Amino acid sequence: MEEKPKVIVSSRSRRADAASKEFAFSQSDVRAGTLTEYRQRAWQAYTRAAMPSASDEAWRRTDLRHLPANVFTLPKAGAFEDLPPVREDLLRPLADGQHGGQIILLPGGSTVELDEKLAAQGVIFTDLKTAEEKHPDLVAKMIGRTVNPEEGKFAALAGSLAQHGVVLYVPKNVQVEEPLHSILWGPGSFAHISHLIVLVDEGASVTYVHEAASPDEPGTDTMHAGLVEIQVLQGASLKFVELQSWGKHVWNFSHERIRVERDGQLDWIFGAIGSRLTKNFSELDLAGQGAQGRMSGFYFTDGSQHLDHDTQQNHLAPNTTSDLLFKGALKGKSRSVWQGMIYVAPGAQKTDGYQANRNLVLSDQSRADSIPGLEILADDVRCTHGATVGKLEQEPLFYLKSRGIPQAEAEKLVVEGFFDPIFQRIPFEGVRERFQEYIAAKMSE
Amino acid sequence: MSELVIKNLHVSIENKEILKGLDLTIKQGEVHAIMGPNGTGKSTLAYTLMGHPNYTVTEGEVWFKGQNILELEADERSRAGIFLAFQYPVAIPGVTVANFLRSAINARRRADNPEDKGIAIPEFRKMLKDKMSMLKMDSAFAGRYLNDGFSGGEKKRAEILQMAALKPEIAILDETDSGLDIDALRIVSEGVNALSGPDLGVLVITHYQRLLNYIKPQFVHIMMGGRIVESGGPELALHLEEHGYDWVREKYDGVPEG
Chain G
1 MEEKPKVIVS SRSRRADAAS KEFAFSQSDV RAGTLTEYRQ RAWQAYTRAA
51 MPSASDEAWR RTDLRHLPAN VFTLPKAGAF EDLPPVREDL LRPLADGQHG
101 GQIILLPGGS TVELDEKLAA QGVIFTDLKT AEEKHPDLVA KMIGRTVNPE
151 EGKFAALAGS LAQHGVVLYV PKNVQVEEPL HSILWGPGSF AHISHLIVLV
201 DEGASVTYVH EAASPDEPGT DTMHAGLVEI QVLQGASLKF VELQSWGKHV
251 WNFSHERIRV ERDGQLDWIF GAIGSRLTKN FSELDLAGQG AQGRMSGFYF
301 TDGSQHLDHD TQQNHLAPNT TSDLLFKGAL KGKSRSVWQG MIYVAPGAQK
351 TDGYQANRNL VLSDQSRADS IPGLEILADD VRCTHGATVG KLEQEPLFYL
401 KSRGIPQAEA EKLVVEGFFD PIFQRIPFEG VRERFQEYIA AKMSE
Chain B
1 MSELVIKNLH VSIENKEILK GLDLTIKQGE VHAIMGPNGT GKSTLAYTLM
51 GHPNYTVTEG EVWFKGQNIL ELEADERSRA GIFLAFQYPV AIPGVTVANF
101 LRSAINARRR ADNPEDKGIA IPEFRKMLKD KMSMLKMDSA FAGRYLNDGF
151 SGGEKKRAEI LQMAALKPEI AILDETDSGL DIDALRIVSE GVNALSGPDL
201 GVLVITHYQR LLNYIKPQFV HIMMGGRIVE SGGPELALHL EEHGYDWVRE
251 KYDGVPEG
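Chain order of the listed sequences is G and B. Note that our numbering gives residue 222 to position 222 of the first sequence, counting from 1, and the numbers run on in steps of one. Note that our numbering gives residue 144 to position 144 of the second sequence, counting from 1, and the numbers run on in steps of one.
Note that these hints are calculated values from the structure, not bench results. Incorrect hints may appear among the rest.
[To be verified] Taking CB as the label site, the calculated pair distances span:
hint, chain 1, residue 1, chain 2, residue 2, range
1, B, Gly149, G, Ser444, 26 to 32 angstroms
2, B, Ala120, G, Thr34, 55 to 61 angstroms
3, G, Glu88, B, Gln67, 28 to 34 angstroms
4, G, Thr384, B, Lys65, 16 to 22 angstroms
5, B, Asn193, G, Glu88, 49 to 55 angstroms
None of the values given here were measured: they were computed from a predicted structure. Where a beta carbon is used, it is the ideal one built from N, C-alpha and C, also for glycine.
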């Protein structure tokens, strides 16, 4: 790729003074139950927090003025019955007809399957409501542990109003071989609000794939707000694949944080091709000595999509390692923002942190902002970063054409190749192929 | 029997004329060599025949199978049966040798028949395995990203592998010997020789006689100042090896340019 360091010259936007609309949710939307205390606290935070605006540093490049906040309502129980059914391709098993469990979250409902053997080993993999009823003490210990509802308007909104979600608990030293899969299907004109809570206990390991998706419903206003709270305890290992193919009308917000304790290992993979607008905060807390975390992401935007990924790698203990690579390609008038920070706490010596963001701009009207950052408060560390924004180069395309491959297909191959190193980190061929097909479809439009 | 007929070819790069009226005919089954000092336009000829967008043809024609291929895009020229083994093959990160070759083969099949479903995987694998063993390539090579981190020898072998898989009628080898040690040179040459025959016309572009010890041309041409100034048989290459290019320069220097 032709890669040039991108210099970002930003000026204070004048749009800051245009007010966004307010949500029409009320305290009566807060679900009663075993988590009332947490939810009421989140609700209080929600009512105190103002709608983010361009004058907030984290929101400077993502404009919410057109968010029709006042129209969103929560789906009633059973709402899914009158809505487009979940797309078949999402339900295919991840690997060789095997999965350890599958959860489908629908507007106003859900289905849950879990392999009996895993259940017998004490693995809990169920929807949030069921978990609240059956395992109230466990859920109370897991919720609100990595994301504080005070962190922002959408964190507080999701914390207080989450209608559904997933609770995954893997007991000590249990190695879950078959992958677990959850699907959040969000059709219709609603606010879909989700909360994923995962605890991988000491010495345990698991692979978990979560996909959020919806049909394209032009003219419909749909929002998703989500929280992802994950803890990987001492010596545990988690591979977490998180994919979104929201319809292009969806406003998508999330706050996600994974904390990795001593000698824990995390492999976190993101894939994003959908939504009208996404603002995603993803944070990695390396909280114990020897903790390791890798974050890999791909995004492909077209039309007028706007995807904003805000990542943070927090080295809070010595001898921790983080490695982030996000790759994006942009078509049409779309825009991406990647803003990344490596933070090294005082005393977190022998930290090894890396972050890179590579962008391939396929049209003159698309734009990628790439903003790496380092904040290092320890002195014996190695932290490096790189950010590039480039275009398709002529020579590789000519080479492919000289072998009989037409221009459009040559471009497709080069773009697939650009993403391939990230795709190879998704351990399921079926999922890889599906996202390769989504990208191919965007390329040929 | 196809032939490639180059007539009075003039080519410029950024308004500088490099080829100044080149004529050459290559028939299927023939092996030609073009030799000449550096900077005389040999690679320009190779790139122009393949259709690189940086080379502007200001005059002349190149006929192949009843059409002037200068009017075709590079991919159309390739599908018509022309192949260029690059002097400096470019890396395509993330695209494996196997995936790339399958795309190239399927592009040909689809051009012939838009309904074509593409080559069957077992058939493709077998073909690839056969061609790779001919070129003494490890089977793991197919899974590597194309030219990405390849050594000089691996790149040139990959070029010949593509030639073997795509079965061109006219192949242009641009300085295929450059950067090769003697073992790699032998393997690459044996590969080319194994592909040679009545269906393949070859144009070897080289600075040195060395390659021609392995790939024997019937016709040798000397290029100087953007055109072919001498043509002969294999003895011309030997003469060059013995006497260098100075006599050519003396003979043709001062010939009015353009």
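Hints, verified against the model:
1. B:Gly149 x G:Ser444: 26 to 32 angstroms: Holds, at about 30 angstroms.
2. B:Ala120 x G:Thr34: 55 to 61 angstroms: 58 angstroms, holds
3. G:Glu88 x B:Gln67: 28 to 34 angstroms: 47 angstroms, violated
4. G:Thr384 x B:Lys65: 16 to 22 angstroms: About 54 angstroms separates the Cβ atoms of threonine 384 of chain G and lysine 65 of chain B, which means 16 to 22 angstroms is violated.
5. B:Asn193 x G:Glu88: 49 to 55 angstroms: 54 angstroms, holds
Comparing the model with each earlier hint shows violations of hints 3, 4; every other hint is respected.
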